[in-house]
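So the protein sequences, as listed, match chains A and B.
In our numbering, each residue carries its 1-based index in the first sequence increased by 1382.
In our numbering, each residue carries its 1-based index in the second sequence increased by 258.
Quick caveat, the hints were computed from the structure, so don't treat them as lab data.
Keep in mind that a hint or two might mislead.
Claimed, not checked - Estimated spans, in silico, between C-beta atoms of each pair:
hint : chain 1 : residue 1 : chain 2 : residue 2 : range
1    : A       : N1475     : B       : S442      : 46 to 54 Å
2    : A       : A1454     : B       : L344      : 44 to 52 Å
3    : A       : Q1474     : B       : N580      : 28 to 36 Å
4    : B       : S289      : A       : A1520     : 52 to 60 Å
Glycine included, C-beta positions come from ideal geometry on N, C-alpha and C.
For reference, the chains in residue letters:
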Amino acid sequence: MSNDSTNTNPLLQTRALSLSIAERKICTELSLQLPAGQCLGILGQNGTGKTTLLHTMMRLRQPDAGEILLCAKPLAAWEQKALAQQLGILFQNTNDIMPATVLETTLIGRHPHLADWQWEKKADLALAQQALSEVGIAELANRDISTLSGGERQRLAIATLLTQEPRLFLLDEPGNHLDIAFQIQSLNLLRNHIEKRQCALVMATHDINLAARNCEQILLLYGEGEYELGKCGDVLTAQNLSRAFDCEIREFEIEKGRSVFFPA
Amino acid sequence: MIQRRHIVLLLILLALTLVSFLISFSSGSASLGFVEVITQLLSPEPGLEQQILYELRIPRSIAAFVTGAMLAMSGVIMQVLLRNPLADPYILGISGGSAVAALSAILLGFSGLWISNAAFIGALISIFIVFGLAQSGRNWTATRLLLTGVVMSAGWGAIINVLLTTSTNNSVYSMLFWLMGDLSQSRTGVLNASFLGIGLLILMYYSRALNVLSRGDMQAAALGVNVSRLRLVLYLISSVLTACAVSIAGTIGFVGLVIPHMLRLLGARDHRLLIPSALLLGGSFLMIADSIARTIVAPTQLPVGVVTAIIGVPVFLLILRNSSNQLRD
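Next comes chain A alone, as it looks inside the complex (with noise of 0.2 Å):
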């Protein structure tokens, strides 16, 4: 069964990693693994380095010390182009200055898919097409970006991601601009799709439930390198949530094994 090579074989490690950024240590020693099929939820306070773990997955950024696989090979060793196959993030913030429309800006997601000189082929369309559909935005097609909503915009980094067909998908607050419906529906449709095509997401928020609802696995940053690692459950207990945040956070089980967190 493929699922056993893959949890033999996680598809997002990581051995030893310690990362620090201005004099400010935001992990020691830190040792993951993700196996396909899972997600992983980071959580901390702002400033506890979040995004910059997340970057660092993305070897946009070099660790101090220690190392990362992807599919069990190392991050360093991958090929450009072939990483952007394997591995894709939505970021914060998009870039609307230059004017292009909701379907061109969707197709860039295949640009590592595409060979040099190569033009989209019409599967290369029917999948930015699909995305677009599945996050709900396919009347926007043929809209300019500069006149979209936050939302829409979240929406359409959304369908760029899906169209990019990575196998990790790394997540920088994924809940930003949407409201509460969508984002339960858009980290769905994610889950969903990870779990159908052993794929495996990380996601950087400071929403607790929202990582309490989607993650299996759980990385709380406590800041000066501190961190809990563990099961969802293990993890995300309110003594723990309470001093990474700094301000009493209280637990409250709305149904059988599952928790929401606010603070008191």
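Keeping the supplied structure of chain A fixed, place chain B upon it in accordance with the hints.
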């Protein structure tokens, strides 16, 4: 996917280019009709008109086309590189550097080819200074490049003013013509044409990556683009094209700013279409502007830079107005 409207746009621009060449060949102090131009071009017996065409008009038209094409392509690239819709080929001070060199050459009594060479060398010096200053450290960001270029530009501007205010009347006249952009002495050789061809080829190779880079450096890097290499290639190509254009015809304004925007508004936002379109429309636009420049107040010739500005300003304002209308939709 290549869409039918892309091909239609390119065909229209190709037709426009041919018509512009005919207009450019036929206009001047000795006016020739289109039919006359064509019969003279093919006539086996050399006459005065044929001599005018082959020795004066055709070289000048080609110089106008190559210059306009280079400026428009360079403008497209600068706008992506700096991610700033108001960028033009001169924004990083290349024109300032070449102006200082060209004006110095005029001041020292040089003429013709020497001024061109001085302009080209001045441009190269400016390119290296800006690049060297902007690259200190590994942060080669659009903002840093833009700031360095704009400040360099201001510095060159001051030196230009010094040169203008301390020169004799005679040379000031030539200097002003150079600064406004003038094609009357312009000739272009195989070298410039091959720069244009090579530039087009390299830009077409990178054109899909340009679409990705338009969405930001980080996004481009995440999609597998080697951003620092691409930015370096773009900076060099855009600079060399601008340096060539400036050495052919001085600093002709508005072509590099307006043509890319006109094309984007016509739907050519994909760089695989935008770059060849800019080449054709930029070339045609400058040929037509030059035809107007040499006929509108004949026998006197206006500097072509004046005409591009007179056409360019209202067109650009119209574009701005339309684009703000679009935002309201």
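Here is how each hint holds up against the structure:
1. At about 49 Å, the beta-carbon gap between N1475 (chain A) and S442 (chain B) stays in the expected band of 46 to 54 Å.
2. The given range of 44 to 52 Å is respected by A1454 (chain A) and L344 (chain B), whose C-beta atoms sit roughly 48 Å from each other.
3. For Q1474 (chain A) paired with N580 (chain B), a C-beta distance near 32 Å keeps the hint of 28 to 36 Å intact.
4. Distance hint check: the CB atoms of S289 (chain B) and A1520 (chain A) are about 56 Å apart, consistent with the given range 52 to 60 Å.
Consistency note: the structure conflicts with none of the earlier hints.
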